[in-house]
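Just so you know, the protein sequences line up as chains A and B, in that order.
So the first sequence is numbered by the numbering used here: it starts at 1 and just counts up by one.
So the second sequence is numbered by the numbering used here: it starts at 1001 and just counts up by one.
Hint data in this document are derived by calculation from the structure and do not stem from the laboratory.
Treat the hints with care, as some may be off.
Claimed, not checked - Anything over 10 Å on all C-beta distances counts as not near chain B; from chain A, calculated:
1. Leu20
2. Arg92
3. Arg138
4. Pro178
5. Arg214
Unchecked claim - Derived CB-CB ranges, DEER-like:
6. Val1151(B) with Gly63(A): 22 to 28 Å
7. Ala71(A) with Asn1105(B): 29 to 35 Å
8. Ala1115(B) with Arg2(A): 28 to 34 Å
9. Met201(A) with Cys1159(B): 43 to 49 Å
10. Tyr202(A) with Val1151(B): 36 to 42 Å
11. Trp1158(B) with Gly239(A): 46 to 52 Å
12. Ala68(A) with Arg1008(B): 33 to 39 Å
13. Ala1115(B) with Tyr70(A): 41 to 47 Å
Backbone N, C-alpha and C fix where the C-beta goes; we use that ideal spot for every residue, glycine too.
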Amino acid sequence: MRALLQRFSFLLMVLAAIGLMMMTRVDPVFIDAARARVTDAFAPILGFIARPAGAVASVLESGHQLTALYAENQRLREDNERLRQWQQTALRLEAENNSLRGLLAYKPDPAASYITARVIADPGGAFVRTLVVMAGQRDGVRRGQAAMAGQGVIGRVVQVGEWSSRILLVTDLNARIPVVLETTRQRAMLSGDNSDQPRLMYIPRGVEPTVGERVFTSGHGGLFPAGLPVGIVAATHDGETRVTPIVDLSRIEYVQLVDFGIPGGLAAEAAQPGGMQ
Amino acid sequence: MAVGIWQRLDQAGRNSVPFSTTVAAMLVGMMPLQLPDYSFVAPPLTLMAIYYWAIYRPDLLKPYMAFGIGVLQDLLGGSPLGMSALVYVLAYWLVLTQRRYFLGNSFWFLWLGFALVAVGAGAVQWVAYSLMTAHLVGPGNVVAQALLAIVLFPVPAWCFSKLHRSLLS
């Protein structure tokens, strides 16, 4: 009798789990709200245990850096030299741009505002690519904002709690970003598939992306503004082009959530059943 | 009388060790370690904890707790809701039916048992996820994760057994 009861309770729980999976499809809004609540509740604990992890990581990192100090110095000196020249060029171009814009009465994009947040969890697993950061609604984070780290786009905000939020990385299966190729100005869709290198989709026949070419957001769909760097074309064969994200996604400590002040914008979200949307 | 209360509190604290270590294992598993490619194949510490306690103290880590921890992990981790819960309940079930083989035998048996559970859990997750997203996900990460979990299992298992011996025997 007890064994039967036990078996029945297990069966019930298996069914409940399957029921929960179904519910994600039926009422994703409710599930999202629940996720935000729970993440909020655990954010302080996650933030607390992320600190020593960060410290350990930085110790490992500094040990690694010590060994390469000389070579790194040399490289930086050369880089600096080269970048100084670029700076001069950039300044000249900026001035020229400004004067040309003045001539055209060009209406600039609204100014962007940034929220910087610490990464407190990297839930990992084989199926999802998300980060949890310590900033939420009360800090001005909104769903759909672009997430950047260093110089490039890493993803977008998909879930916002009161003081924590979740970022869907560009490598996640559900991530779709409209992009444009640097040299050909060809539009494409950067589509994650849970691998390290997202795929470029919807490139017309005959357009061959070159390896090493940079990929920028195109601004189509209004989710991201145009011209933010996303990645570099890594390899292309059999009509399949892979892109390496410009930021090393496994080493993000701080994230900048960017509010570009563009209205609307959720239209470009490609709805995928199941995971985070 | 006062001693009675303290004793009972102490006992309650000790009895909550299996549950609290499992939750702690889940939270530790979410730590951003900033190791390249680590988070894709991060070993499932929660599964290890559930496996260990389901074998040694199923009276203290009940099946519904495994279910609850799974739901919590899905909510926190962003994975499809119910997926981890399903895996943990199935793993618990499997362990409970085969418990007498693992219990009392050498550590090798414990390890072997975990290897089976880890592979099974990976397979269930993979099938569930592929069905839910209607998209055949590459099995590479799942396989790597299961292998890493099997290789690393002795470390968390040693920690759990230390806690087990010092607090619960």
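Here's how the hints hold up against the structure:
1. The beta carbon of Leu20(A) sits about 3 Å from the closest Cβ of chain B, which is not more than 10 Å, so the claim that it is off the interface is violated.
2. Distance check on Arg92(A): its Cβ is at least 38 Å (rounded) from any Cβ of chain B, clearing the 10 Å threshold; non-interface status holds.
3. With a least CB separation of 20 Å from chain B, Arg138(A) remains clear of the 10 Å interface cut-off, as annotated.
4. No beta-carbon of chain B is positioned within 10 Å of the beta-carbon of Pro178(A); the least distance is around 20 Å.
5. In this structure Arg214(A) is separated from chain B by more than 10 Å, as the shortest Cβ-Cβ distance comes to about 22 Å.
6. Separated by about 24 Å at the C-beta atoms, Val1151(B) and Gly63(A) satisfy the suggested range of 22 to 28 Å.
7. A hinted range of 29 to 35 Å for the beta carbons of Ala71(A) and Asn1105(B) is inconsistent with their spacing of about 53 Å.
8. In this structure the supplied range 28 to 34 Å holds for Ala1115(B) paired with Arg2(A), their Cβ-Cβ distance being about 30 Å.
9. At roughly 45 Å, the beta carbons of Met201(A) and Cys1159(B) sit within the given window of 43 to 49 Å.
10. Checked against the hint of 36 to 42 Å, the pair Tyr202(A) and Val1151(B) passes, with Cβ atoms roughly 41 Å apart.
11. The hinted range of 46 to 52 Å is satisfied by Trp1158(B) and Gly239(A), whose Cβ atoms lie roughly 50 Å apart.
12. Range check, Ala68(A) to Arg1008(B): Cβ separation about 58 Å, and the 33 to 39 Å hint is violated.
13. Our hint of 41 to 47 Å for Ala1115(B) and Tyr70(A) holds, since their Cβ atoms are close to 46 Å apart.
Hint check: violations occur at hints 1, 7 and 12; the rest are consistent with the structure.
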